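> Residue-level listing of the chains:
Number of protein chains: 4
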Amino acid sequence: MLTIDPGDVVSAETHDAMEGRIRTESDLPSDVLNFPFLNPQNGPIFVRGAEKGDCLAVHIKSIVPRGPQPVGTTCLMREFGGLVGTGDTALLNAPLPERVKKVEVDPITGVRWSDRITLPYQPFIGTIGTSPEIEAISSLHPDYYGGNMDLPDVAPGSVIYLPVHAPGALLYLGDCHAAQGDGELCGFAIEHPTVTTVQVDLIKDWSFRWPRLENERVIMTIGSGRPMEDAARIAYRELVRWMAADYGFEELDAYMLLTQAGRLRVGNMVDPKYSLGASIDKSMLLAQAAG
Amino acid sequence: MLTIDPGDVVSAETHDAMEGRIRTESDLPSDVLNFPFLNPQNGPIFVRGAEKGDCLAVHIKSIVPRGPQPVGTTCLMREFGGLVGTGDTALLNAPLPERVKKVEVDPITGVRWSDRITLPYQPFIGTIGTSPEIEAISSLHPDYYGGNMDLPDVAPGSVIYLPVHAPGALLYLGDCHAAQGDGELCGFAIEHPTVTTVQVDLIKDWSFRWPRLENERVIMTIGSGRPMEDAARIAYRELVRWMAADYGFEELDAYMLLTQAGRLRVGNMVDPKYSLGASIDKSMLLAQAAG
Amino acid sequence: MLTIDPGDVVSAETHDAMEGRIRTESDLPSDVLNFPFLNPQNGPIFVRGAEKGDCLAVHIKSIVPRGPQPVGTTCLMREFGGLVGTGDTALLNAPLPERVKKVEVDPITGVRWSDRITLPYQPFIGTIGTSPEIEAISSLHPDYYGGNMDLPDVAPGSVIYLPVHAPGALLYLGDCHAAQGDGELCGFAIEHPTVTTVQVDLIKDWSFRWPRLENERVIMTIGSGRPMEDAARIAYRELVRWMAADYGFEELDAYMLLTQAGRLRVGNMVDPKYSLGASIDKSMLLAQAAG
Amino acid sequence: MLTIDPGDVVSAETHDAMEGRIRTESDLPSDVLNFPFLNPQNGPIFVRGAEKGDCLAVHIKSIVPRGPQPVGTTCLMREFGGLVGTGDTALLNAPLPERVKKVEVDPITGVRWSDRITLPYQPFIGTIGTSPEIEAISSLHPDYYGGNMDLPDVAPGSVIYLPVHAPGALLYLGDCHAAQGDGELCGFAIEHPTVTTVQVDLIKDWSFRWPRLENERVIMTIGSGRPMEDAARIAYRELVRWMAADYGFEELDAYMLLTQAGRLRVGNMVDPKYSLGASIDKSMLLAQAAG
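Chains as they are written, first to last, in the working numbering: chain Z, 66 to 356; chain F, 66 to 356; chain U, 66 to 356; chain Y, 66 to 356.
I should point out that these hints are in silico values taken from the structure, not numbers from a laboratory. Here the structure is a predicted model, which is why all the values come from computation and not from measurement. Hints are supplied without guarantee of correctness; some may be wrong.
Unchecked claim - Derived DEER-like restraints, expressed as beta-carbon distance ranges:
| id | chain 1 | residue 1 | chain 2 | residue 2 | range |
| --- | --- | --- | --- | --- | --- |
| 1 | U | F273 | Y | V129 | 37 to 45 Å |
| 2 | F | Y312 | Z | D346 | 29 to 37 Å |
| 3 | Z | S76 | F | G118 | 55 to 63 Å |
Beta carbons: idealized from backbone N, C-alpha and C, even for Gly.
Chain Z extracted, bound-state conformation:
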């Protein structure tokens, strides 16, 4: 276990979510992947001084691909994904065929999806969280402690705020994506191994229930739940509370303003809980504060 001081910068050599086991497009996911041994994480990282009731502020500095090309992988796995029957939405239909796609990922030229289509390189951290107070959880789950949220806003230039539940916080991260659409529809974004660099600050005595995020443009709260409307409710309620606690809004005013100006981002619609981010432009918070 790595131990750090608040303010330290950490560079993590992350694996892809399949731990590199899918090497070619002819590998079958069902042959090489071994549930629940998926989504390997870097950590835990013990942050000195972190205690229950505090909050980590993780500044995401950079994400760069590492390893031999084609470094990006996506695939169809049986009974996993947003448009198929799954272990939860348990059906009798036959599964889709398995399929693997390997793609070159370059920070400058982008993700080479095909001869015709290239996607911009927009990397983010798929999984980042702190330890729950009394559980040892799978890295596949997103929840109040963060985890496998697969939310593209957790990207360089953002700071994510994670509540501390256990001594030292026990931060973990991994599962970086080179590109992803809203919902991570088939369950596998462009998964790729990276060097991910973060700076970890500690904020004493700031506590809340669900992860929060901030970048130059917005503040965002992240809810995870099923059905999807519950994730949306969690995210928006947390945002109402944040606006009320720190930005001078009365709760029902915040509720009504978000009706006109709130934004929702669907991170994943495939994981054990769906994750959504609710946000509002900082310009409105500044206007309110300036009043």
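Since the structure of chain Z is provided, determine the placement of chains F, U and Y on it from the hints.
For chains F, U and Y alone, kept in the frame of chain Z given last:
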């Protein structure tokens, strides 16, 4: 009933969703609103030549406010909204207090939310649809025929494609919003009366299950359902099908590409069904076609 | 339209839900069924004196099969059912094969499922409702007005209470089942044509939101919604309210007692809304009243 | 950690779910309960020879109350329960008042709810499970490993089959209820401390995904998930598979038969996942086998 020819331009004087009954901030919604007599619509409009199996292409030309200021209204209504118990999510908690907010709406200077905060004027049509084949439905419902979707993309510059189920299509529209956040959280966007102008084209023999939309930047499919993940599934499956039928993608390729590049917009999370739009940038469709 | 007086007895010759179009086990549902022209109903029946704010008390007297054997039909239809992807839970998996099963139904000897298995004849009315105030709805929907609830408790010996929304109530019924498990899993119970006899009483000035039912043993409230937990919430909240209004319970006491003694019955998990009945034994209501 | 051999009988002195901290009706749950330190369990119990791929058959022999009267407790806790906003269904409504009810529980005379109402003593094990393969989970969760299912069928006379994921199985149990309605509506059944006696058998090389149960009358499969329809789907799919694997049914025949004869029991509609049991009468399985 207005009868038009394909290609005709129609200007509709729409009411706000409360039919103008909320005149001041001291009106109580429970006093002046009378369910189910809400959300008045303009129509039906009979389009000559429209038959089952065809599709209307409704080009949204312009939306401008009409009537005396303050022309915009939002409010909290009992047991309605995304962060309260409702008639469907039926709970024992006491309802929130009722509240009304009237705001000035100007196409140039925007929506004057408060002394401190002004929102841009971004009008769209909250409710637009065609008749089902054998039902006469409430204007409060969104479904396969369109209806009360409350999706901000249904805005000037877009064309919405609505399948025809009954002779003449029987188009209706209303419920225009001056501004709205994702999800229309409390249930009432900035409701306002308008003059809304659309051009109605008819496309023979083009049929599909759920509404579609196109603007300069994207193609979008719109799904409505509960729980919210079902609305997302509908929207994304329809988009897969559209990409396969008209843009040269194999179905599973479209599924995998949307995983990396699809976008979801939450229209409403308050109506009888939730409405989500799934979209993809036309640049990718053009690249695919050019290959 | 049949017009009756309160207290009249009506015998209806109901069709099966497929209107008798599936005649042999080699008929393909996709060939002979034509959505939305499904689930034919008997009615509307105009009840003299019935007005908004009143309630019909429909006493179910008897249900007997009619027509040539094998009179019972069940089948697998594409994209319909509880364990398959559907038009709402929209997936990319291939549909199940279609399949039809015709069975003999005898009120005494039961439903002859196979050479080995015979099910008891436990008939009930799958669809029964009154008109909404301003809509003309499909008979496939269950909602606050009753409709396609597919709840086995709507059986001979029960009285179902249906709120009146329109002059004359406009009662309809049909879709009788000879046997059905909880949830009507594949979407088709043992559908069969019947002679169904009911007595229709009118209760003036008794109004509530959702259908209620009573038999010798229990009182029951019926909620329809999606996701399924919303149907359960509706049903239980209505039961709390009924116990409070008519049986001397304080609301929170009723809530706590139902925690220990309430029963839930899943009617359907396949229709546009799922329908659940929440009930409590009358013995407890009598004990409470006797106190 | 207790280590036993297959076939051993174990008697556990269980606590109530609040670990006995609610002593009088004037104790406030929010004062004395300390989330996540709730729902204390007995165990883990290491079963010699149990390995991944095996199954425990836990025969429930008896449950008797222990401790001073009134030994039964139920209560209303903030943001927990089936008819209130919760941490997942996150709303802005004010919570219900807290309330505690203590009741006498006697195996013969029953549960003395009030001067007027007495409920039969129908005890069962609310929480019983085995260890996941790589997680240490909270006892509040129900999932594929069993856990906090709150299903009244887990009662004396039943055997519950729990798949083994980790060496020794690591069985745990607790949270016994003296009476409970379907859904455990307010979140707290009649919680009570007990002496619970079980016999633990080991079945080698019998593995499946979700817990199963058997008693004199039925076989049952138990699914846990959100939304509630997913729990129902899991339970019914597992039952289809069990009938196909062990009772001579073709899968689609089992699907169609369960449509006519399957039963659903809602265990809880309040825990992190809802738990439902799907069952079929053994008489039909015997008839099928006798054919």
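> Run every hint past the structure and note whether it holds.
Hints, one by one, checked against the model:
{"no.": "1", "hint": "U/F273 / Y/V129: 37 to 45 Å", "verdict": "43 Å, holds"}
{"no.": "2", "hint": "F/Y312 / Z/D346: 29 to 37 Å", "verdict": "34 Å, holds"}
{"no.": "3", "hint": "Z/S76 / F/G118: 55 to 63 Å", "verdict": "60 Å, holds"}
Checked against the numbered hints above, the structure breaks none of them.
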